[in-house]
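Each chain is listed here by its residues.
There are 2 protein chains.
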Amino acid sequence: MPVFDQTYQTLKEHLQQTAIFSSIEELLGWDERTLLPAQAGSYRADQMTVLAGLIHQRRTAPAVGEWLDTLESSLSTSHPADSPEAAEVREARRDYDRESKIPQKLVEELAKTSVLAQQAWAEARAQDNFAEFAPWLEKTLDLKRDQADALGYTDDPYDVLLDEFEPGETAANLRQVLSRLRDELAPLVAEIVATGKQAPVELLQRDYSIDKQKSFARFAAKSTGFDFDCGRIDLTVHPFCATLGPKDCRITTRYEENAFSSGFFSVLHEAGHGIYEQGLPDQEFGMPLGTATSLGIHESQSRLWENFVGRSFAFWEYFFPKLQLEFASTTRDIALDDFFFAINDVRPSLIRVEADEATYNLHILIRFELEQALLNQDLSVADLPGAWNEKYSEFLGVRPPDDAQGCLQDIHWSGGAIGYFPTYSLGNLYAAQLFESANSDLGALQDQFRRGEFGTLREWLRDKVHQHGRRYPAKQLVQDVCGEPLSHEPLIRHLRSKLQPLYGLA
Amino acid sequence: MPVFDQTYQTLKEHLQQTAIFSSIEELLGWDERTLLPAQAGSYRADQMTVLAGLIHQRRTAPAVGEWLDTLESSLSTSHPADSPEAAEVREARRDYDRESKIPQKLVEELAKTSVLAQQAWAEARAQDNFAEFAPWLEKTLDLKRDQADALGYTDDPYDVLLDEFEPGETAANLRQVLSRLRDELAPLVAEIVATGKQAPVELLQRDYSIDKQKSFARFAAKSTGFDFDCGRIDLTVHPFCATLGPKDCRITTRYEENAFSSGFFSVLHEAGHGIYEQGLPDQEFGMPLGTATSLGIHESQSRLWENFVGRSFAFWEYFFPKLQLEFASTTRDIALDDFFFAINDVRPSLIRVEADEATYNLHILIRFELEQALLNQDLSVADLPGAWNEKYSEFLGVRPPDDAQGCLQDIHWSGGAIGYFPTYSLGNLYAAQLFESANSDLGALQDQFRRGEFGTLREWLRDKVHQHGRRYPAKQLVQDVCGEPLSHEPLIRHLRSKLQPLYGLA
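One line per chain: the protein sequences are A and B, in this order. Quick note: the first sequence uses this note's numbering, first residue 1, plus one each step. Quick note: the second sequence uses this note's numbering, first residue 1, plus one each step.
The set of hints was computed from the structure by calculation and includes no laboratory data. Treat the numbers as computed from the prediction; the structure is a model and nothing was measured. None of the hints are false.
Remember, identical chains collapse to one label, so a pair may be satisfied in a single copy or spanning two.
Keeping only pairs whose Cα atoms sit at most 20 Å apart, straight-line, the calculated SDA-like set for lysine to any residue is:
#1 K214 x D227
#2 K222 x Q39
#3 K464 x G483
#4 K101 x D163
#5 K214 x P37
Build the full structure now, drawing on both the sequences and the hints.
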């Protein structure tokens, strides 16, 4: 066997063996967040710590670096630059370098601080006491600066942190695209507010039995293409999607009796993540080409199914009669038009996770600006609450009455996730670009949705996005599939075309 | 630090670190049997195999043998023979020797054969085709003979296999006690059959809503003392109890709408196992003294709560009014006396897992005799079905119409569990001995049950049995607590005193 093939095989075995441990770690985490008995948390932490240590050891084993050296030195003569093997080596190198560059001591301190800071954050939020969280945010930012230094960067430490979640993306590019987005979004939201028109959201707040919500949401997730032979849906507090093996993808959600849309759309959202995971090639499980390419692309899949499909009129032409059968007494007097308006309600609000499709990105923009300022020390931690509230007034015209509903609302920063928030907006932008391209490639998707057919779209996404794993970085993937780079225009077109008739805009 | 203490600490760290991996393996197995998506089985097997290899490696690491040598050489001068440390070293040595003596190749062949033989067994049972399973049973028996040779034995290869589940027990002793048991049981069952009296079991076959069964059984498990802050109850096909950490014990069950007693008593049974696990000392988790002492003692705990408590009249004096409140329309016309008779129905039957308290041990006796004969080659595999059916005629007066309801009904032999069955009878015998001693120590337990109080009994079991882990082998534990060795008499006394009035026996 040629040297490349032999070494490649050795590396693949090592990485896939490591994936066995990391998939077990996923099970431990999934179980912790869905089922773990109240007092079992401390031993679960021990189990996860031991496994994390073993995984880190395997990922940074010097042999991996040596195999990669060998592969890189023979790659150019044995494989084209755009071959799967070249992508696999490129991405394995990226992983190895990122994981090896950070000193063990810093890894441990980041892990420990993240646990303690999250506890402090939860406490601070519950008591609306920012001062209690402030020193932990300081410490987290210090460590993230150290991490950026260890990883190395050219212009901006933010870039290298963002790169963890969205490889190859830069703060400069995002600033440009997101500011264009804001220039269009802010006036759109203002126009909507100015109409004084309010969607009949009370229709969604009636008594929707939780058992029926469960079976209805399951039916919808199955219809869009989530494969329950290779996955599950369970209950949790904060919905998420976890992959425990090549045929074991688990989504989670929560239901409230008087909030139909909250549970239903969170299932469509998580099922979108799940369909992406289920579309990755099984035989590459644990390898870069068997892994999602970026958080932005991941979020584009969840948002596409949640908003572009699930909040479309055609979708409900199919599902609304079924909803009326299932929840007969609750929905008997509701007209489809009113229901459709209710699920597309737009109104400026304080809480990101409850925000609608139009205002959502303004919440992200605020966080994106603030976390850059914090990291670069243009904003002190002490001044964060004031700056947060100012931005909410400016961007959304609302002002948090307290920090619990302000800068303490999200868990991300306490867990050390700096550079994560913009991937939510990237998801929305990419979803719009991909959905526009799918419509133009496939035509008349709405006619299919109306009949409950989602297979054509799903297979298109499989073909264009899912099956490639990390073969193409997000930027290149979107350029190739959509014929244009990251852009705010498709999202704006989508929102305007849906919201203009609903709100009677000019 | 003295050599003993230092080495002891090192060994303890090693064993408790190993327990982290084996508790993760428990999670993988529990999840597989309760939640795993249909297609995820093959990767789950990979995950379990990798972890099993790692655990075996840690358990048989030569360093463990060296630490044990060191500890043993200084033990007699540093610690009394009956100290916890002496027990810990004795049991750790036992584990190390058993795990090290079997050659790696045989370990792997046993593991592989067990998976394949179980699949063949499931197929053979479904198609009532013993011939399909026969070669796998041959192969299993061959491997078990090899295993017995590797472990070494004095008289009987059966002893050393039995010893895996019931340390220190011998076939000779069991033959003696169980034949005495049979000499009393068989006439008792014959007397009952001769009365022609039939318990009104149809009362248990009405419509009992599954949701209500769940909450009622949960309430009963909580009342007997299963701690849901340190455990869960979930659904499965074959009920079991698994320990995933010192504060994470999970029991499982199944419910059928028209079989109230099946779900309810399986919960009491598994909760009994769970209460034992929850009573082991947390700080010794993963050490011999933090582990159950034998399967027989484990089964005694489940049987004690299921049969001696849960099928007692006093228990239902407390629970029956609650049952009537919960299942009002279903149970309104049922009298407590009739209900009590129904849950204590005795009738010879074909299927072990559905057998009542009196006939159950006759099912075990048949398996115990046959598996000894098979192992010693006094009985050929080909002759098993005929021998099985003969025994059922002789012991129980019923004859299986086919092998699916005959010698193919149980999974145990296909999984290589030879020497496991008698631990079920040991459980029944030990339960009777322990319950009789508890009654004599504590007095008037029935008065407490009648008021829904089970704490006194539970704490007595904690004190006498649970807290010791493997400090005392089962034989010694029972001798110490009950003042007598293994005996059939308390069980016979218990059965006679309950069944005589119900069936109007002399």
